[in-house]
Structure formats: structure tokens, C-alpha cells
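Q: The task is simple: from the sequences and hints, build the whole structure.
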Amino acid sequence: MKALLVERLVHRFAAARVAALVAGSGSGIGIGPLRLSEIEQPSLPGPSWHRVAPLLSGICGSDLATLDGESSRFFEDIVTFPFVPGHEIVGVVLDGPETGRRVVVEPVLSCVVRGIEPLCPSCAAGRTGACERIAFGGIRPGLQTGYCADTGGGWSDELVVHEAQLHLVPDTMSDEAAVMVEPAACGIHAALAGQVVPGERVVVLGAGTLGLCTLAALRCHTLPSTLLAVAKYKVQRHFAAEFGADDVVAPSELGRAVRRMTGTLALARTGAAIDRLAGGADAVFDCVGSSRSIAEALEVVRPGGRIVLVGMPGVVRVDLAPLWQREVALCGAYAYGTESVPEGPRRTFALAFELVEMVSLERLVSAHYPLERYEEAVHHAANAGRRGSVKVVFDLRHEDPAWRRAAQVAAPKRRVPRDDKKLETSA
Amino acid sequence: MSPRPGFVLEVDRSTPPTLFWHGEGFRFEQLPEGSRVVYPPESLDGLADPDAAIRHALEHPVGDSAPLSALLKPEMRLTIAFDDVSLPLPPMRRPDMRQRVVEAVLDAAAAAGVDDVVLIAALALHRRMTDNELRHALGDRVFDAFAPHGLLLQHDAEDPAALVHLGLTEQGEDVEINRRAAESDLLVYVNINLSAMDGGHKSVATGLASYRSLKHHHNVRTLQHSRSLMDRHHSEMHSSNWRMGRLIKNAGVKIFQIESTLNLDMFPSQFSFLQKREWEWSLADRAGFHSTRLALDHTPPRLARQIFQSMLSPYAPTSVQAGEVEAVHDLTLENLHRQQLVAVEGQTDILTMGLPYLSPYNVNSIMNPILVACLGLGYFFNLYRGRPLVREGGVCIISHPTPWAFNPVHHPSYIDFFEQVLADTTDMFEIEKRYEQQFATDPWYIHLYRTSYAYHGVHPLYMWYWCAHALDYLGGVIIVGGDRAAVRRMGFKPASTLADALEMAEDIVGRGPSITHLHAPPLLVADVS
Amino acid sequence: MSVRLPRIVDEVVSRPTWPGTLPRPMEPRNIGVDYDTAWTRKPWARALRRVLVDNVTRPFVAVVATPQVFGREHLDPLEGPVIFAANHSSHLDTSIVVACLPERFRRRTVVAAAADYFFDRPWKAALWSLALGTIPMERNKVSRKGADLAASLLTERWNVVIFPEGGRTRDGWGQEFRGGAAYLAKRCDVPVVPVHLRGVRPVFPRGSSTLRRGKVEVRFGDPLRPGQKVASGKEEDARHFAGRIEGAVALLADEAESDWWSARRRAAAGETPAFRGPDASAWRRAWALPASARRTRSVRSKSSAKPW
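Chains as they are written, first to last, in the working numbering: chain A, 16 to 442; chain B, 338 to 866; chain C, 116 to 423.
By construction, these hints were calculated from the structure, which means they are not laboratory data. Some hints here could point you the wrong way.
[Said to hold, decoys possible] From the structure, some residues in chain B lie toward chain C, with a derived Cβ separation under 7 angstroms:
no., residue
1, VAL454
2, PHE483
3, LEU488
Don't be surprised by glycine CBs; every beta carbon is placed ideally from N, CA and C.
A: This is how it looks when you write it as C-alpha cells:
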């Protein structure tokens, strides 16, 4: 079968890293560790596992970081090479009782998936994202589908998925909407991790897929008095306003905008710009994850406020003096699990399905690519904002190999993707 | 040759191109045949001995007032208030008129042995003046005698302890002014009356007032009905000030008003072409203009701004009058009109104007887009008496680079106003309703206004309101050569050339429109019949 | 990354620490009023000072202040030692007085200078005491140390320059003359020459850091001798003598602003303008200042660039 494969080739990672540094993210794809290969289909690790053929598979920011060779070495022990990336997956089940049904994959490879009994304390509490056994059990180490050599990933014709990872997609939901469920779940988890009290003033830094999902989740699940979004590109500004930001500003206006929003005093040593706010926002969601964005978050958060790192950071260089002096809480928000919402504990993915439908998140899917044109796809994803896009996905619906026809897929009639018609009709 | 009055030129095919101001630069435009150009009068001769004229005015006051020397007693509290850095424009060469007048008043006070004297810069909600600006306005002698002892104050409209509420006018307007000024035995106000808008009761009722008081006349409704701001008898803003002024008088505040008018000698000799008519330019003028224009085209904006901002005007005073406020102001207007009035027959479809680098609110600073709008639509548009130069529904074409640039020290709230409010709406009533309170009470703006050199938080809104009459009246505003994003942010149309702007204007006023160009500065007031 | 010295070097260079169990005696301070200036009166230092004064101080003063000297004839009959008592408006006064003294006095003169300005750091103390022959004088605290030194120098036939106001003027007007000069004169029985400096304030006023060229006038007056009999028949005290010195300087000030004859006539009529200015509010005192004492300079304010 066809798959995009990441192998442990140190020199290729290094080359990608250099290319990314010199020419920007996504430029090193040609010389990087990713390549299109013909590989054996992954074998089923156990009885509760099923084969799934991806329909759409998104390109996530963390994938880009991996391909740019910028991922933290922290992940070295919790991924296994060679792996097929892709964890934002909507696909069709190829065997078992649900054959032919569309599903969204919840990619975390937690205790249940790994066949570990008894469950680790985190999994027992429903916090599967914080599973302590991601390197143990029946399959090889890997924090998610898409980082584990045994499961395969979304950027291929086929992968294996544990039944606990499967979420059936309602027939009324389009593939584009379904592929947004995974990022939406991340956004919900982050929004709720911020523990926003009604009436608080909240800032969301970054308006890529994750930033927009977090923004939408904050609007739906919390009651901030003001929600300020920082967006770099026009398309992001548009969606940020659509998803309920009270004010959308450019990164250069952040300090002034937060000062205005909170009415706080400020210091301006140089007279040129605001250097430091006396107060600030109650909670800041950093959906970028760079040194610069963390520093910005520290600049605009109030004393005693909270910063939630939603975007994946790596090795960053940040002045933590304000964190210390202003007693700021800095916490991460990774993946999903179980959320406590007013109506009781619920799976993040269940909430995500609702959010996707509520705000029509499928609008964020802006471009489709076949696997063969992965270089273009990754480059597009890395420059999505600049090119007026948000989410770039691999479209595997036109692959249509003989074994799929044999499975007699009874999928509902699907809409032709709107934005990138010329790309797809030719495929 | 005695100075010639202003006049209206009809452009024909032999008329040379017309000079347009364009920020820190100029444009040289050939206006269509049949257009009219309103030229200001030539500068009158200044007073031969200004100091003697000042002394004479102080001892021979007009209206119901005793001579200054008779009003001064050793044990009294004397407060001298003076106009701030927004006057005159451009700043005057030393000695500034304020210095001459204040020194004369102080000589009288010293002779009378008055110990308790305080000087107050009547800032209203403007930025505080720097020490150098105060020194320039008042002279070294006054500055060194008062500033080191804390006797040279700047009005602080946000210090509750330094304000006193004198009551409500018959229309329910709060009158709250500087406490020291109100509680003095004599308040001497030293004006420079550059335009007919300044002076009179507006001096104290606006210059020394607080936001609580100012909001009664600095609001959209009042300014829409100030037609024009240069004609106090038809200006709601002035009516309100006059009501307040009379209340201040009835509250027992004794004011000795000193107003002075300047001639139109606005620019130093190397820029003399700015004060001449194009067809009378000498070889030196032509060389001067074209070399200046070429040089400015290749000068970085920052440097050009510095060059222009350091220009000092050779103004000479044409009259000084002192005494009771209203009598003084009537005399002042007479003297102003003697210099500035130009008779114009009939209105026009399209009014064009070139805006200079300077407005009252960006001395030693950057002319940001809001100030461009304010100068063009608030001031220049209002340079009329009777009827506006342009007909109702007509178009105003403004030439100015309108850079998206702000001075963060002087205009911090302008940035927020431009980034936040104008991005949301340009509708004045909407802005007044939704944003005025927030900008007027933001503690940071208040802090900066009181301790730094920032205009008050609400000031950018006032500047926007200043355009109320024009925006209510005009059919469209086009800015030539401006930053497109900035122009569009304000709801105006950008054009790259005057010809394009005239084409665009035809869409609004119809084909074959009449065009009038306001050839200012030097300042003039069009008396439109 | 810190670079450690080799241990042997470290032990030589670094001072050993004092055991915490032992009391630590106060070490003598050689700074401020305690600064020992004896070395500056050694022959080699005097020779060096002579070179410095002639080649640096005097040309500098000539360029910056262009001093004009009047009344030098009053010094001719004096042999010394003498106390010069001058009004004080600028740190430049010290240099100007030294530069304008006749040579025979200049070579053997010390200047009582503010210990907290001229002697606050070792290098400044050494520089000024060498270059101008300053000796430290406390102006805030009462200390006999400075006075004793001055007295012993007077007996060693050194001339002493003193600014009896005890500090530079703040507003341009004179301040009360303190008793130091008068006390020294009485104690050592030496004459006091009143000196008036006019126009130094515009050149280098208090609080300024830049010089502006100007024209300075230096006037020497008739020497005064202590011990005048007062009404009660007793000899005057230091306080009274100080008043006389102040009056003499005030007379010189009047002379500087008008002319010798009218100043004399006003003095005879008891109408010499008050040395300390009119007794009125601050602004009127400032308003009444003669132009030569005004502080006319714009302080370059950085305020327009700095928001606060």
C-alpha cells in the first residue's frame, strides 16, 4: 500500500532542520525524513483492532514540527520509527461489525488501546491524554496513532485502530467536518484547562487551526467578558471574528489591545511601544508555542493570571522573571480525555462532535491534496495563513483501490470538495 | 506699497500651476480652466513698538474694566493664564507674544508688590508643555523666575483638588474650572488670537476647564451646529462657551483679558514663496520652491518632519487689547478680520485644499491621520463666514500624505482610537455613545495626560467630532496622495493624483463641476455671499 | 563563566578576610573633610601646581569667563597672610578667584572648598587639592577640623580663600555670611579682603552640567581688620565682623551694578541694595535679579523624547 513514511535518518532530520531555519517551515520537505513508499499493511495487533481506510487526513502543526526536524528530543522515547504520520483522521472501517461505517480516530494510544490492565491512574480517571503507559504494553511506544510503527497513520491507504479509538460519524456530517473533530477536541480540552471564570478577560494568541478551535471552544464552553484574538493573516482574522472574538488584532497591536481591553496602566520606557502592562488579561492561551509567543503571553497576562500552552513548544528561551514576580501559572494542554462540563463528565470527542457542528468548523478545511503531492501539501500547510488557508488535508477518497470496492463501502453521497476543485478532479 | 487684500482668482490658460501644501512637502497642480483660487490677503505691518502698545493696552482697557495697575494690590492672589503650545502656528520666533505680554503684566505686578503670583498654562485636555516649550513661550526671565519655585503650573483637568465647580448654566451645563484661577482675586488671561475661533469666553471656559465641563460643548451635536467655528455668532460651541463665561463672571471670577492678533507673516524668508502669488514669484522664489520640492522628495519623512517642525515664524503683532472679555474680543475680531477676511462670491461644487505639516495638536510631533481629518474638515472647512465655500453635498478634496504614523508619547489614545474605534465604526454618534466614556476615564490615559506629555484620552474623539459639521454637510471626502489604508480607515476615498480625485468627485457632484481651491496657509477666512 | 586566578596569585592579590570573632577597629578615612592635604603644600606639589595654574586653570578661566579684575590696588599694601572672602554662586568661583589673584598671593594660597563636592572621591580630592590648592571645609556639619587646618595654615603665612555664605546661591541672591572667615581673622589676627564676583552664575550655575561663555568681573575691596569697637565699647564679636564683611561685599556688588561713586553715596546714606535681595515672594526676588545673576539657559530637557 501507499504511505508517507518517516524514518529515523538523522542526516535527513538535520537537513530538514537547516532548510526550515534558512528558508522557512516546510521548505525542507524534499530533503527531509518523509518519503512516499510502498509498504506492507500493518498487521492487526489484537482482536479488538480494526482496519481503517482514511478518507481525509489532516496535516497538523506538530507534524510540521516533526518534518522540519524541530521536535523536542523529549519525544524520542515515545515514538517508534519508521512511522506513518497523520492523526487527524476520518476513515472507513474495513472489517468487523461496523464495516463500511465512517469513523473519526481518537489517536491517543492509552492503556486500553495497549491492552494494559489495570489502567494507569490517569486513564482510570478518564484522562487518557495523560496516560502514563504510552511506551509500554502490547504495541511499541508511541504517544498517538501517527507516531507509532505498529499502528500506521493517517497519511496512508490503511491503518489499524483499536475499537476504543473509534468514534462513529453521523451520516449527516461531511468528511471535512469529521476531520476537524480531532483539532476541535484539542481546542475544547485547552479551553477547559484554562478554567476561565465568567467575566474574565481572555486572550488567544495565534489563529491557526488550533487557535481558532480554542477560540470557538472558549466561546461555547466559557463565559469570558472579552475575548481577544491575535491573528496574523487576513483569513485568520476573518475566522477569529466569525468564531466569536470580541476584538481581533495584529500581533504588533497586542500590548496596546490588551491594555485597552483591561484599562490597566502600563510602562513605556522607550516611548515607542508599550513595554510592560501593569495588569493584563486573566488568561492567555498560547496557540503558537514559540519562544516569542510565550514571551508575549507573559507580557500581557495579569499578575496571578494563567497561561495555557496549547501549541506545541520545543526548546524555548524565555525570560521567566515575570512568571516568578507576577506569580503567573503556566500550564500545558495536550490532547483530550474526559471533561467536566455542567452536565457532568463527558468525553472530549463527544463535545468536539457538537462543536464542529455548532460552528461549522468544516469551513476551515481549505485545501485537499493527494498523497503523491505531499511536498506541495506540506509546504502549503506550513504557509497556510499566508496563502489564505487554515487546514490542509490529504484526500484519500479518490484512491479507490480494488480491495476497497470489495469492502462495499456504503458511505453516504459526499460533496465534492469546494475549494480545491481543480486539484482533485484531476486526481 | 501697502499690503493688498485677499482675492479670488479665476484660473485661465495662462495661469501658472497652483501651489498645494502636501504635509512636509508641496504639490504643484494645474487646476482646470475656470476653477477659482482664494488667496489670502498680504501680511499687514506689525506694530512699531509692541511693548509700548502692550503697556498702553494694559493701562487703557476697553469695556468695563479698570487699568491693570489699579487692579493690583500687594496682598492679592494673582493668576496669569496663557495659551498653550497649540498657538501660534507655526511657533513664533522669540520673543513670543506671550512673553512680551506676561513680562509687562509682571512688571506691573512687581511694581505693585504683588507676592502671590502663579502662572498657569491653559491646556484644557491638551498635552502638557515641555520645559523648553514653556521657556520658548514665556521667555527665560519668566521661566527662571517662576518654574524653579513651582509657580509655573500647567492646568490639570484630572486633579479633583485643583478644580472647582462654579455651577450650572441656564441650559444645565456644568462649569468646572481651575481652582487657583477661580479663587484668585484677579485672573489675567493672555491670548494669542490666530483665528477667530480663539479667545473671548472660550479662553477661560475651555482652556481652564475639565472634561466634565468640556463635554457640554465638545460633542457631536454642538459641533454639527457650529456653522462655522470661525463665526462665533453662528457657532453652538461658542454660544455654550459664552454662557459658561458669563456664569464664571457672575460667580465672581474677575478676569482681565489680554488678546493680541498677529499678521500673516507666517514663514521665514527662505520660504517666502509660500506667501506670494505664483505668477509673482521671482527667480529666487522659483529656485527656492523647486529646489525645496526636489530636496523634500528625497528626504526621509522623519528628517523632513524635523526640518519643518523646527521652523519658526516671524509673526509680528498687529494689535493688543485688554480689559473686559467681551469688549476685548469684539475688538480682536475686528482686527483679525482686517487681516484675514476675503470676500468670495457664491459656493462651489468641489473644494480643494492642501494641508500643511502642522495642526494645533502636533507641534513638535507627527501629524497623524486623525489630525489630518481634523485640520482639513475641522479647521480649513470652517474657514468661512456666512455660508461654507462648498455647497451642501459637495466634495472636499484634501492633499496630504496622511501617514499611518503616530507619536506614542503625545498621542497614545489616538493609536487606540484609530486601531480599535475607527476599525469598528466612523459614525460619530455611535462613537460618542459607545466609546467616549471608555476613552475619557481610562486610567492610563489620565496618568499619561497628568504626568507625561500626552493628550487626554478623549482628545482623539474630540478631533473626530471636530469634523462633525463637515461630514454632515459634505457629499464626499477624497484625500490625494495619502496612505490608502489610513484614508480608508477613516471612511474617506484615497486618490493618487488631483486629476483622479476630480474625476471621482464628478461621480458625486455631477459633470462639469465648479472647483474652488483654498490657498492657505497663510490663514484666511472666506466671507461667502 | 568565571576565571579563577591561580591560588598563589589570589592569595597575594585578595585581602584576607577579618575573623568574625575579633572586633574590627575603624580605619582612618582619607576622604572628605578628613582628607590630608599636607602633601599638596610640599615644594614639588607647589611647583606642579604653579605649572597647572599657569597653563591650565588661567587659560581655561580666560576663555570661559574672560575675567576683568578691579581693585587690585587694595592688595598692594598687604603683606599677608590674608583671608579673601567672596560671594559664591558657582563651583567655578574657586578657579576664578585663584586665577585672578596677584601672583605673590596666588603662589601661597589655599581655598576652602566644599568637602562634599571637591573631596568626595579620592581622585577628586587629589586632583583639586593639587590643582587649586583646595582644603576641605565642611559646610553642613559644624566641625573644628577645617577651621583648625585653616588657622594653622594662616599662621604658616598661607593666604586663605573662603566663601562665607557656606554654599552656592540657589536663586541668584546672596546668603547670610557665616562667621567662619570672621572667626579665623580674629583668631589669627589677619585682615579680610572682601571679593565680589559678578556674572559667574550665567556661566556655570548651580545644577548645570555645561558651561556657557560669559564675562565675569572680579572686585577686590578695602581690607577689613577685626577688632572694631562696637557701641558697648567692647571689641566686636565674630558675628558682627561677619556682618561687616557681608556689607563690604554688598558695597562691591552695588558698585558692580552701578558705579563706584553712586555706590559710595548710597552706602553713606545706608541705601546699599540688600545683598540678600528683596524680602518678598520667590518670583519677585527672581524678577528683581540683575541680568548678571540670572540663570539664562535652557536646560536640555529629554522630556519630549521620554514619556516619563
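Q: State for each hint whether it applies.
A: Hint check:
no. : hint   : in the structure
1   : VAL454 : holds (5 angstroms)
2   : PHE483 : holds (5 angstroms)
3   : LEU488 : holds (5 angstroms)
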